[in-house]
Amino acid sequence: MSIAATYYTPVGEYLRFVIMKSLEPAPLAVAEVEKIAEETIRKLGIKYDWRVWPSLFDGEVEIREGYVYLTPMGRIILTKAEKTAGQIRDMLGRLSRQVPPQGPV
15 MSIAATYYTP VGEYLRFVIM KSLEPAPLAV AEVEKIAEET IRKLGIKYDW
65 RVWPSLFDGE VEIREGYVYL TPMGRIILTK AEKTAGQIRD MLGRLSRQVP
115 PQGPV
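For the sequence shown, this note's numbering assigns the number 15 to the initial residue and increments by one for each residue that follows.
These are calculated hints, taken from the structure and not from any lab test. This one's a predicted model, so the numbers in the text were calculated from it and none came from an experiment. It cannot be assumed that every hint is accurate.
To be verified - Below, computed lysine-lysine pairings styled on DSSO-like, alpha-carbon distance capped at 27 Å:
1) LYS57 to LYS97
2) LYS49 to LYS97
3) LYS35 to LYS97
4) LYS35 to LYS94
5) LYS94 to LYS49
6) LYS97 to LYS61
7) LYS35 to LYS49
8) LYS61 to LYS49
9) LYS57 to LYS35
10) LYS94 to LYS57
11) LYS61 to LYS35
Stated by the list, open to error - Pairwise CB distance ranges (calculated):
12) ASP63 to GLY107: 18 to 24 Å
13) GLU38 to SER69: 28 to 34 Å
14) ILE77 to GLU53: 28 to 34 Å
15) MET105 to PRO39: 17 to 23 Å
16) GLU38 to GLN101: 15 to 21 Å
17) GLY100 to VAL66: 18 to 24 Å
18) MET105 to GLU53: 27 to 33 Å
19) TYR81 to GLU53: 15 to 21 Å
20) ASP63 to ILE90: 15 to 21 Å
21) ALA43 to ASP63: 17 to 23 Å
22) GLY107 to GLU79: 33 to 39 Å
23) GLU52 to TYR83: 32 to 38 Å
Where is the CB? At the ideal position from N, CA and C, for every residue including glycine.
With these hints in hand, go ahead and build the complete structure from the sequences.
Next up, the structure:
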């Protein structure tokens, strides 16, 4: 039996929020969510592998038949996360202006 460690980062938490916010009105195709994830990280200007987005969730979204759905638990978390996401975005914005991105994002 192996136990996987879970690591939370400000970038991952912000990306998680952006994806959940995008899913709030309606489900999106996986390709659309991937595009949102890639664009979000590019705009932050911080090196981060946006392709890990599915591993950032633990019950907040569900992937079925090529679409990503926000679950009821995800909707509850989303309503509580808006203020925190804004604070993380502001902090990451300050960091990205201080340290130039290294390598491809």
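Here is how each hint holds up against the structure:
no.: 1; hint: LYS57 to LYS97; result: holds, 20 Å
no.: 2; hint: LYS49 to LYS97; result: holds, 24 Å
no.: 3; hint: LYS35 to LYS97; result: holds, 13 Å
no.: 4; hint: LYS35 to LYS94; result: holds, 12 Å
no.: 5; hint: LYS94 to LYS49; result: holds, 25 Å
no.: 6; hint: LYS97 to LYS61; result: holds, 24 Å
no.: 7; hint: LYS35 to LYS49; result: holds, 14 Å
no.: 8; hint: LYS61 to LYS49; result: holds, 16 Å
no.: 9; hint: LYS57 to LYS35; result: holds, 17 Å
no.: 10; hint: LYS94 to LYS57; result: holds, 24 Å
no.: 11; hint: LYS61 to LYS35; result: holds, 22 Å
no.: 12; hint: ASP63 to GLY107: 18 to 24 Å; result: holds, 20 Å
no.: 13; hint: GLU38 to SER69: 28 to 34 Å; result: violated, 21 Å
no.: 14; hint: ILE77 to GLU53: 28 to 34 Å; result: violated, 19 Å
no.: 15; hint: MET105 to PRO39: 17 to 23 Å; result: violated, 27 Å
no.: 16; hint: GLU38 to GLN101: 15 to 21 Å; result: holds, 20 Å
no.: 17; hint: GLY100 to VAL66: 18 to 24 Å; result: holds, 22 Å
no.: 18; hint: MET105 to GLU53: 27 to 33 Å; result: violated, 20 Å
no.: 19; hint: TYR81 to GLU53: 15 to 21 Å; result: holds, 19 Å
no.: 20; hint: ASP63 to ILE90: 15 to 21 Å; result: violated, 28 Å
no.: 21; hint: ALA43 to ASP63: 17 to 23 Å; result: holds, 21 Å
no.: 22; hint: GLY107 to GLU79: 33 to 39 Å; result: holds, 36 Å
no.: 23; hint: GLU52 to TYR83: 32 to 38 Å; result: violated, 20 Å
Hints 13, 14, 15, 18, 20, 23 from the list above are not met by this structure, while the remaining hints are.
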